[in-house]
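**Student:** For this one, chain C is given, so just place chains S and Z on it according to the hints.
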Amino acid sequence: MSGASGAPLGSAVVEEARPRPARRRDGPLQRFMRHRLAVFGAAVIALLALACAIGPLLLPFTDTEIDIMQRFAPPFSGVHLLGTDPLGRDILARILMAGRISLSVGFAAMVISMLIGITVGLVAGYYGGWLGTVLMRFVDAMLCFPSIFLLLAVSSLVGPAVGSIIVLIAITSWMEVARIVEAQIRALKARDFAVAAEALGASDARVMLRELLPNAIAPIVVAATLNVAHAILAESYISFLGYGIQPPTPSWGNMLDNAQSYLTSAPWLAIFPGAAITLAVTSFNVIGDGLRDALDPRSGGR
Amino acid sequence: MERDRAPSTAPAALAEDEVLAVRDLSIGFRTGIGELPAVRDVSFTLRRGETLALVGESGSGKSVTSLGILRLTPRAPFCRITGQVLLRGQDGRVRDLVTLPEAEMRDVRGRDAAMVFQEPMTSLNPVHRIGDQIAEAVRFHEGLGRRAALDKAAGLLELVGIPDPRRRLSSYPHELSGGMRQRVMIAIALSCEPQLLIADEPTTALDVTIQAQILDLLRRLQERTRMAVIFITHNLGVVAEIADRVMVMYAGRVVEQAPVRPLFGAPLMPYTRGLLRSVPRLDLAGLGRERLAAIPGSVPDPLAPPPGCSFAPRCGHFEPGRCDAAMPPLEHAAPEHLVRCVRWPELAAGTI
Amino acid sequence: MGGYVGRRLLQAAGLLLIVSMIGFAILHLAPGGPLSQFAAGGDMTQEDLDRLAEQLGLNRPLPVQYLDWLWRMLSGDWGLSFRDQQPVLSVIGSHVGATMELMLTSTLLAMAIGAWVGILGAIRRYSLFDALATIGAMVALSIPTFWFGLVVIYVFSVGLGWLPAGNRYTIGDESFLDQLHHLVGPCIVLALVSTAVWSRYMRSSMLDVIHQDYIRTARSKGIPERRILIHHAVRNALLPMITITGLHLPSLLSGALVTETVFTWPGMGRLFLDSISYRDYPVVMGILMFTAVLVLLGSLLADLLYHVADPRLGAHGA
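Residue numbers (this note's numbering), protein chains in the order written: chain C, 6 to 307; chain S, 434 to 785; chain Z, 643 to 960.
Rather than coming from a laboratory, the hints here were simulated on the basis of the structure.
If you're wondering where the values come from, they're calculated on a predicted model, not measured in any experiment.
Ideal placement from N, C-alpha and C gives every residue a C-beta, glycine not left out.
Be careful, since some hints might not be right.
Estimated spans, in silico, between C-beta atoms of each pair [what the hints assert, rightly or not]:
(1) S/S603 / Z/D850: 21 to 29 Å
(2) S/T658 / Z/R650: 48 to 56 Å
(3) C/N220 / S/P740: 43 to 51 Å
(4) S/G467 / C/L205: 47 to 55 Å
(5) C/N220 / Z/M663: 32 to 40 Å
(6) Z/I872 / C/A223: 33 to 41 Å
Not close to chain Z: a few residues of chain C, all C-beta gaps over 12 Å, as computed [stated by the list, open to error]:
(7) A51
(8) A54
(9) A58
(10) I59
(11) I71
(12) P80
(13) L92
(14) A113
(15) I121
(16) G134
(17) G137
(18) I185
(19) S208
(20) D209
(21) E216
(22) L300
Bound conformation, chain C alone (with noise of 0.2 Å):
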């Protein structure tokens, strides 16, 4: 309807007054509360959280306690609510362990491929260029292998414990973090401000720490929490494919690893594991999907 060229009304022409809806003047929380499945989310992994930190306490078993009369106990028939394993040892109990291990590897592995992706993406946009060139092809590199290869072949070289497994989850999931973070610098630093910091004097290091990161934080929280998502998925198939969190350490994935033979008589070895990785990744990734809806209102909605 507004047009900019030809002879107008002159300066008649005003804004157009499109009816917009209201909603564009709710802040971010308020669109964040009305994606109301992200809150659902969040709410879940508070619950999960909770549950895995002061459940264990709580319960009558240890994870590793071995009942040996209560082998292969089926889930809502006795003492252990969720039934037992092969070696009699309580399901419940070692979900909750297991999710400790779980949530903290991805959550750690997240905050190291955040701190890689990050500083990658900050370099090589701020400083652009030959080095800024290289950096990003490397991205594109990395990104070519898929990554349970990748995490696969490394593991089986350098051998699993649990640090390791962090680190290696975090170098083969840091490349998406780069480029959202270079390509955001680089739109940001042609803008004004960080022109003007440079030009009063301020150090790359703190035009890019304090002026052009925190332009940045947005899309860079969007992500963190798809990583979360992602690493806890990635620990969870390398566990189960017996190269990731080792046995008797109990963790969401291993503990499916075996579960496959007990299929005909034991299937709720593999449903409650199975179960309580979905919940989770689910929920870190509609907490990502509503973070970026409210965060960002041009995605709207889609």
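**Tutor:** Okay, now just chains S and Z, sitting in the frame of chain C:
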């Protein structure tokens, strides 16, 4: 589309030479905070070969009116159309487009009435050849085969002044300039020889020289086909050049309607006067730098309209007690001159 | 067009070089480098190891070793499998077909369902169907593939007995129908994530398209709504899906590995895992490089296809 009123029993109420009669057309959009009236009580008629210019600021409802006539506004629950839109089709039959079933409406679009839009750059489908895009309407409305339809498309391209039409059939839209694309849009609109052409700011996005060419083309085609044209624009220079009659809209309502000469010569509604004053006049260009008068303020919020006349808050002739009392009626100032303003007699007499 | 293809090929070649460097670095990452598997065995003295290193040229400077390794990779000499002394490339070659079969069929399935769900979600935006599809896609993206595989086996093989629980065919019966029967389970499992990806992107692509001016033009021409949808909207909305499918390739390969493990499907993923447990590093490294090159070529192909499919991007002159 809603059937608010019973289908008119005698839709044939069109005079012999009339193509279109719009009566009490109102269009409302459903939003989260209630229905938003975009167009209210618009009435006008259009004779064969006549050009009506619809003028107003952005948000005045002129584009919505034109989309509403062909029911190209969003579907039923999101948009409510009431009133009557009587159109004489190619077959001579008169239909009320407001109550017409969707399937029959589809036959009307493109065949009896066609549209040309503002943005030639985005109005053509980027992945289809322009020949196929022109031929598409012909194939559906006239049942021609692909070859015959493409032959006709080539003829149409020639008609709208595109050189080497045969070869151009297989071009993609991105290979043409803006002016050429608008010619293609016009070829599509004219492909089934419609009785009514609605042109929604067809020249706004084009360079001034191209604008003149397109206007010239439209005028020639109209002389040839005797179709009626609704020309939507906010460019009053274009209006003077092409229109027989002018309808000025403000905040969803018609505020003044008259033949071109009286409207330009003796506008009665203060809003129309404001519009005319804000146009740079070529004939005065040499006489020094006269400042263009802008109309202060902006279009009212359609959900919270001011009391009385919608234009009152911006009007230089605002009179408390009269202008903000009630919405002024649309009155005859002359047999062909309608105006919505309580003070028009004083304005006409020149006493204010 | 020609210029673009040349540029894009050059880019891919550059990327391939970096990919190869990463591969080489991983090879030398393990403690003891490429010899770690011998050292781990414990039945070799340090002297033996040194001699072996000498033989294999491992005491040369790294750049020289890299160039030598790269040259052998490029000339098709990917080494011998420790396990059966077969050339690595031919070992991979004998497994790649099964993986391709799985990836191709599941991608077709995912396209068919995902596109349909996405289109319907877009034209009935905010409907119950749309809401369910959105939530469904979200969950599908979050379910661990191996667990979904277990569920499918539990329900359709253990419970209903409709599908075989694994393998590519019944031994002794290698008919087409038998193979198809074995393909159903893993195909569905691998298709889950891709279907979710397709439905999400197709929906947003359709939403972009149906608000475009040219859809309004099509409606003003009075052609049937169905034709507008398919001929004008879907045709345009599918264009970006070419890119999406290319980008999804690494995650599809990862999914294939897990699916093959669960369904004992004799593909590349399964071979990869077996080779890891046998410490058959030439094969492990070979598959790693092979998948990376596959992804690289896949995205190259997607870019080229996009250029062919979108008339605005050159292939059609002007």
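**Student:** Next step is simple, just say for each hint if it's right about the structure.
**Tutor:** Structure-based check of each hint:
In this structure the hint that S/S603 and Z/D850 lie 21 to 29 Å apart at CB holds, the actual value being about 27 Å. Roughly 50 Å separates the CB atoms of S/T658 and Z/R650, a value that falls within the hinted 48 to 56 Å. One distance hint, 43 to 51 Å for the beta-carbon pair C/N220 and S/P740, holds here, with the actual separation near 46 Å. Roughly 51 Å separates the CB atoms of S/G467 and C/L205, a value that falls within the hinted 47 to 55 Å.
In this structure the hint that C/N220 and Z/M663 lie 32 to 40 Å apart at CB holds, the actual value being about 34 Å. Evaluation of the 33 to 41 Å hint for Z/I872 and C/A223 yields a pass: the beta carbon distance comes to about 38 Å. Non-interface status of C/A51 relative to chain Z is upheld: no Cβ of that chain comes within 12 Å, the nearest being about 18 Å off. At the 12 Å boundary, the C-beta of C/A54 stays outside the reach of chain Z, the nearest C-beta of that chain being 17 Å off.
Chain Z leaves C/A58 outside its interface by the beta-carbon criterion, the shortest separation being 22 Å against a cut-off of 12 Å. Every Cβ of chain Z is farther than 12 Å from the Cβ of C/I59; the closest lies at roughly 25 Å, confirming the non-interface assignment. No beta-carbon of chain Z comes within 12 Å of the beta-carbon of C/I71; the shortest separation is about 25 Å. Look at C/P80: its CB is around 15 Å from the nearest CB on chain Z, clear of 12 Å, so calling it non-interface holds up.
At the 12 Å boundary, the C-beta of C/L92 stays outside the reach of chain Z, the nearest C-beta of that chain being 20 Å off. Non-interface status of C/A113 relative to chain Z is upheld: no Cβ of that chain comes within 12 Å, the nearest being about 19 Å off. Here C/I121 stays apart from chain Z, with its beta-carbon at least about 15 Å from theirs, past the 12 Å limit. Non-interface call for C/G134 relative to chain Z: holds, since the shortest CB-CB distance, roughly 17 Å, exceeds 12 Å.
Listed as a non-interface residue, C/G137 keeps its Cβ farther than 12 Å from every Cβ of chain Z; the least gap is roughly 15 Å. Listed as outside the interface, C/I185 is consistent with that label: its C-beta sits roughly 15 Å from the nearest C-beta of chain Z, beyond the 12 Å cut-off. At roughly 31 Å, the least C-beta separation between C/S208 and chain Z is larger than 12 Å, which holds for a residue marked as non-interface. Once the 12 Å rule is applied to beta carbons, C/D209 is consistent with being away from chain Z; the minimum gap is 26 Å.
No beta-carbon of chain Z is positioned within 12 Å of the beta-carbon of C/E216; the least distance is around 31 Å. The beta carbon of C/L300 is kept farther than 12 Å from every beta carbon of chain Z, the shortest such distance being approximately 18 Å.
Checked against the numbered hints given earlier, the structure satisfies every one of them.
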